[in-house]
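Colleague: Listed here are the chains, written in short residue letters.
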Amino acid sequence: MASATKRPSRLFRNLSAKIASVPMVLTALVIFVGGTAWTVFYSFTNSKLLPRLTFVGLDQYERLWATPRWLVSIENLAIYGVLSLIFSLVIGFVLAALLDQKIRFEDTLRTIFLYPFALSFVVTGVVWQWLLNPDFGVQAVVRSLGWTSFTFDPLYNSSIVIYGVLIAALWQGTGFVMCLMLAGLRGIDEDIWKAARVDGIPAWKTYLFIVLPMMRPVLITTLVIIAAGIVKVYDLVVAQTSGGPGIASEVPAKYVYDYMFFAQNLGQGFAASTMMLLSVAIVIVPWVYLEFGRRR
Amino acid sequence: MDATANTSVSIQELSLNFGTVSVLQSLNLDIAEGEFIVLLGPSGCGKSTLLNCIAGLLDISDGRIFIKGKNVTWEEPKDRGIGMVFQSYALYPQMSVEKNLSFGLKVAGTPKEEIGKRIARAAEILQIEPLLQRKPAALSGGQRQRVAIGRALVRDVDVFLFDEPLSNLDAKLRSELRVEIKRLHQRLANTMIYVTHDQIEAMTLADRIAVMRGGVIQQLDAPQAIYNRPVNRFVAGFIGSPGMNFVDGRLEDGDGGWRFTSGDLTVPLSTYAFDRQPVAGPAVLGIRPEHIGLNSGSGWPFSAKANVDVVEPMGSDTLVWGRLGAQSLSVRVPSERAPRTGEQVEIGFDPLRASLFGEDGNRL
Amino acid sequence: MDATANTSVSIQELSLNFGTVSVLQSLNLDIAEGEFIVLLGPSGCGKSTLLNCIAGLLDISDGRIFIKGKNVTWEEPKDRGIGMVFQSYALYPQMSVEKNLSFGLKVAGTPKEEIGKRIARAAEILQIEPLLQRKPAALSGGQRQRVAIGRALVRDVDVFLFDEPLSNLDAKLRSELRVEIKRLHQRLANTMIYVTHDQIEAMTLADRIAVMRGGVIQQLDAPQAIYNRPVNRFVAGFIGSPGMNFVDGRLEDGDGGWRFTSGDLTVPLSTYAFDRQPVAGPAVLGIRPEHIGLNSGSGWPFSAKANVDVVEPMGSDTLVWGRLGAQSLSVRVPSERAPRTGEQVEIGFDPLRASLFGEDGNRL
Amino acid sequence: MAVSATLPAAEGPRGPKPRHAFSRRNIFLYGTLFVVAAYYLLPLYVMVVTSLKGMPEIRLGNIFSPPLEITFEPWAKAWASACTGLNCDGLSRGFWNSVRITVPSVILSIAIASVNGYALANWRFKGSELFFTILIVGAFIPYQVMLYPIVIILREIGLYGSLTGLVLVHSIFGMPILTLLFRNYFASLPEELFKAARVDGAGFWSIYLRIMLPMSVPIFVVAMILQITGIWNDFLFGVVYTRPDTYPMTVQLNNIVNSVQGVKEYNVNMAATLLTGLVPLIVYFVSGKLFVRGIAAGAVKG
Amino acid sequence: TDLEVTHWWTSGGEAAAVAELAKAFDATGNKWVDGAIAGSGGTARPIMISRITGGDPMGATQFNHGRQAEELIQAGLMRDLTDVATKEKWTEVVRPKSLLDSCTVGGKIYCVPVNIHSWQWLWLSNEAFAKAGVPVPKNWDEYVAAAPALEKAGIVPLAVGGQAWQAAGAFDVLMMAVGGTDAFLKVNKDKDATFAAGPEIAKVFKAADAARKMAKNTNVQDWNQATNMVITGKAGGQIMGDWAQGEFQVAGKVAGKDYTCLPGLGMNATIATAGDAFYFPLLKDADKAKAQEVLAETLLDPKTQVAFNLKKGSLPVRGDVDLTAANDCMKKGLDILAKGSVIQWTDQLLSQDTQKQKEDLFSEFFAKQDLTVEEAQKRFAAIIAKAD
Ligand SMILES: Nc1ncnc2c1ncn2[C@@H]1O[C@H](COP(=O)(O)OP(=O)(O)OP(=O)(O)O)[C@@H](O)[C@H]1O
Ligand SMILES: Nc1ncnc2c1ncn2[C@@H]1O[C@H](COP(=O)(O)OP(=O)(O)OP(=O)(O)O)[C@@H](O)[C@H]1O
Ligand SMILES: [Mg+2]
Ligand SMILES: [Mg+2]
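Chains as they are written, first to last, in the working numbering: chain D, 1 to 296; chain L, 1 to 364; chain W, 1 to 364; chain S, 1 to 302; chain B, 1 to 388.
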């Protein structure tokens, strides 16, 4: 039998899709894999200002884990990360849900919530410094109103400074989370709402127990965006506290940056960033495979 | 004093507009306690819209709605004592079947054991006990539908609203669930309002059928009445599959009483029961394919010879298209007695089974 | 030389797996030029999946697909010369109805006036002229469905694939569109593959029906053959609404030839046409409700007295449930001859019309 | 026989449910929103107020007090005369550079990422998931770490210092998050739409352009917000991968704000920051209308 | 020829000073293309290094002279200026000589120092001390003694901003002032870790401990905000470099009357000669290379030096220039310079890596009162042990 055409080469199926994915593949391979490999590679050297090939084994890592500042950074990142993740999601979702009530001024309110996102932290950090400054910020105002024992000085108190950073971070980032959530909310089937209304489920419960779980893809997107932002947090801390008081609000990305460019110790910076990436990869890779690996 | 006291659902002068599009225009509908009402009508006539209005899911433009004698026009859906099953099921996708059923009750603060009891009962009625722990995604269409019904069931409501609950199922499952719904109604004796496209469903389930068209109820009556005595040509044509045969002609008052003529055809109407005093003039005669006899030889008040045009087998029956002068008529016969194309046959019917419509389309 | 040359669609050894779930297993199907094939089967049996494979929307796991003698196994959907109507409509939400219809043509570079003509024709056929400028969101379910059909209609293709195109429409429109599709088929003489749940549709439209179950075609035959001589119990039970009556019993070789016994009941099988040499043993007798006579008095080869249990009016006909010993049988009779509940009636049938199934479920 | 017409005229509610402007729900809703809005506005208020004060007044130190004497000089200075080294023309100098950088970068990065997301969601091929995973992990890499490798790559392909190179860099670093964003969004659209379009004869690109794109307005808005903000405010790449004549506005902003030595002109800093944020602000406001409800409504059964 | 010059002098006075350089360079028929990036080394350095390694270098670039550019030089990316230096006799005119040493790698000169900054100053608010009812101290010890009085008057005795470099800088100054020049060099130049762990440095840590107690309530980040506290009398004093003077001037304060400056904290009147220098990447374009030479010459031209340093508020690198316009504190500095009491500062002695680690340690030390002196010294010694 003229067994007709052979199965065409797999390579040419979905050719357009593959061509269109070339930038992605290149980026993934050259930049992310290549760049990461390069970074990891040089983390075993004692590169200073310029990358150079003098291998020192695990010295950089030993030093890293013996550095109090790195340990503090990790701890801070953990606290800041968990809280920021939770609060961003909660506040972002609540705001989105509130804006979803067919309210007036939706555009204006959305823009207000979003505007901090547009402002460079180089300066807004200063404003937050002021606001949280005990001598002329919120504390001073409240005290001048008569409540003289009121204390609110997160930026100058080592044990709570990270919360001061968090306040500003939420101010800046929740608007965008809200936008993402809003986009997700607008995609929910109307009938679900109707069913919930007939069932007599209050709106907030509908949001929480029905709509929220249905927004899983958006939530995941949001989660990754927030998490990536958390791991990379840098500007904010520099602008607000420069890592202070002392080293109380240091974060890993700042450690990386400081050691690469201030201390001119690329090797140390690379070692620190390799550790960061390693921990991210440990969490992300299995999760991505679970989440996206299976066919839909 | 209150006309609505002994009705379960009473809709008065209901109007609804979407922007400038008016979908329902001062619609009135009274439904008795425990009645099973089916809404039937062409696509886009406003059936879902009406149901949504009763449920309180759409803000009406005008009119009033009473449920159990209480004016619920401005009530929230949950306070109306209704349960609703949606065309698209609208199950909560992330919750197990049990959660889907219990969620509304939990929110309402029903005690736990009571919830358990009600779920058990609903699950038993709907035969979904083994499915309680599954998520909707792991259910077949029919099972989902039953869960959706169950969700309304557990809420112990006075009125059930169904929006084409069976339309996405296969015929076998559909007939099974139809029987279940019927049984449910008999057991619970709730009021039910049921939207469907399916005539078999409408005919078998309904106490009364409301045939709608363009947002207006054309006829509200028992299934057999609608089937046998449609009030207008629209209803006549809409109900019945294959559809009624219509013959355009004139109504004349002859020597032997009233008769209907069309071309050479003359149908004596002595056995026809007029709704109102007939007036000579243009009219349309309607007769259902199953009310026409074929070669039966028995003495029909009207009979004539016809040529078989097309023969359409439909399983148990066969549809025979016969040409009678200029008119084409369809006749339904048991398949084993079906003639062949081109054969000449004798057809006849009793005008008692026919319907006559005046120039305005209304029944004479 | 090539078996596929004179077929329109030929499917050879088609298999399809979703991951580890095997949905279709080496399925073969040859469809002649211009044939109208209906796929029938319970929900989840793989009908949509098969259609998707033919359309090239799913990457098959094994096998070959020929359309018009050409191996299209690896072709893009657009190069297969097919048009498709989806179960879920899949209208482009951001485009008006008109744009929805014209999209495929525009992509193909059809001249503007030609597009206009085709849309006008489709819109007229489907009665959606007033809706052309609306977006899908502002349409009712049935209206959306018509647009979806229109989208396939405007494309001049060799093979039409329909996935339950009429399932959400009202009976009247459904029967109108059914006729329209039939006429379209006659006019265009395209090959059509049509998935449905509706038996009337299947019976009236199909040249041949393929009954599927669990990804396997059980029977592929003309409608009457499927109806009258189902190859196995599954097909027998699936086709026909209300469904066939099944009586469990034994096949025995008695003095008067073969007979079927169940409790006190004995049905002589002298008139039954066996498919294969019968063997004594457990068997199931199937008989359709419409093949059972009621009080007909005429000499059926088998008849017995029964008590009427339930009476279900269905418009023109009525379904009567009678109790015959331990067996419950449904009988379809014209509504005017329906008995009352509790009445005693005589029922009978000709075993020629019955179907006998062996222990393995296959026809005897 | 009781016909509804015989009913007393005034009997309970009729017609549409009246909406009370001051229902408890509304008070709660707007109350919450306005309180939260106040929190978001407070730092902005401080910035605006500060930007309208003269330096002596700022030294007085009450950051909340409205300016005694409103002066727009800081704004004027920030825009037109603040110095960047020797060039004293404020932010205006880099404005058009920023536009020239942002527009192509946003367009290219969104274009590439949305196509990627679309390919990943609808046209999977072998290995596509792997690349996607790499991208997601890539989203967590601190940019600074990649600075030097990219310098080397750009040098090797001869794009170092050019606008093209910078646009490329922005597209690369925007890719992980944006691809995720689009992939997840496209994956949530009904698959039948995609199939229908394929049967209709539309190919990879026309499905993308004519079916997917118009249905994805909200997510494009989100992506735009993300990218415009990110790229417009980017300093590091803008300065590392370009030359002084193509420096973006943020370099001027940084120069105005970040002088380590000398007097800090807070009013000018604030004005400069607010000015820099103006373009994203306008984009946010304008794009708001595109957050339409139920974008895929009507596509499927209902 | 156009020559792009990258630097991080962007504030008012600095920019004015740069303008002088540009004017002088433009006068030679070339053109100064300004590439200012604010934000000190951390911001500017990646840019400069990227540009140089990316193959698109600028014509000249500012660095703190010291060891920052060492590797670029070793990598052969920077231009050897020895010819120009010989021609212009830099070895003779540049003073102190150590400045040029810092520019010398392997006997070749790679940079042009342009100014001298000194860190070693204590700035005191006369107003604050008046308010506290104590005389303005003459040295560190008196200052520490006066601290309780200041505190009682609601004045922060010592202002130390929150940024890490301020704490580390203050400590270095304390080490030189309290520990003395020899101790300072033993630690920072000889990297004698045992000594750093020893009793003499313990004394310095005692002083630092006193300093951190005095600075406890500073509550500001930026150095100039801290300076502003001194200016307004909210703080008694600040240890800060000579650049703080600019703030006093802008606020209209007069040295000696409104404020007092004590070089070397009044203990050890020595200043360090850290400063800025220009480096010249190797360019292919011959015209530009020529222009680089011209620029190098221009930078050290006496007239340019005077004009530049007057605007910048720093000291010129040439001994043979006339600075009659200098103010009180600047004159003090010039005197010390003339006496030759100069010292190499940590920028030159220690790698940036070590500096950064010190910054981390001292910013923690100043912020965290419960970090003991002993513990801090131990960690300090460990850093010195590994220093390079
Ligand atoms: N949101 C809307 N905006 C404008 N018109 C609408 C809207 N929703 C429905 N309609 C119109 O209202 C009419 C009634 O719609 P409805 O959904 O009630 O029809 P239906 O009787 O349920 O039809 P089907 O049987 O097809 O479901 C239709 O003509 C439809 O086009
Ligand atoms: N993406 C998928 N992954 C795994 N299983 C699938 C997938 N799609 C369909 N199936 C399974 O394949 C089987 C066939 O599905 P298909 O949609 O073809 O059924 P169908 O015959 O069209 O049913 P219906 O009449 O309900 O439309 C079902 O059991 C279904 O669960
Ligand atoms: Mg509907
Ligand atoms: Mg299907």
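These are computed hints drawn from the structure, not numbers from a lab.
Keep in mind that this is a model prediction, so the values were computed, not measured.
Fair warning: there could be bad hints in the mix.
Stated by the list, open to error - With a straight-line Cα cutoff of 27 Å, these simulated DSS-like cross-link-like pairs (lysine-lysine) come out:
1. Lys-182/W x Lys-18/D
2. Lys-18/D x Lys-289/S
3. Lys-117/L x Lys-205/D
4. Lys-102/D x Lys-17/S
5. Lys-172/L x Lys-135/W
6. Lys-102/D x Lys-126/S
7. Lys-135/W x Lys-126/S
Colleague: Each hint should be assessed against the structure and marked as holding or not.
Modeller: Hint by hint, here is what the structure shows:
1. Lys-182/W x Lys-18/D: violated, 42 Å
2. Lys-18/D x Lys-289/S: Violated. Lys-18/D to Lys-289/S sits at ~35 Å, over the 27 Å cutoff.
3. Lys-117/L x Lys-205/D: OK: Lys-117/L and Lys-205/D at ~24 Å, within 27 Å.
4. Lys-102/D x Lys-17/S: OK: Lys-102/D and Lys-17/S at ~16 Å, within 27 Å.
5. Lys-172/L x Lys-135/W: With Cα atoms ~35 Å apart, Lys-172/L and Lys-135/W exceed 27 Å; violated.
6. Lys-102/D x Lys-126/S: violated, 44 Å
7. Lys-135/W x Lys-126/S: violated, 37 Å
Consistency with the previously given hints fails for numbers 1, 2, 5, 6, 7, ordered from lowest to highest.
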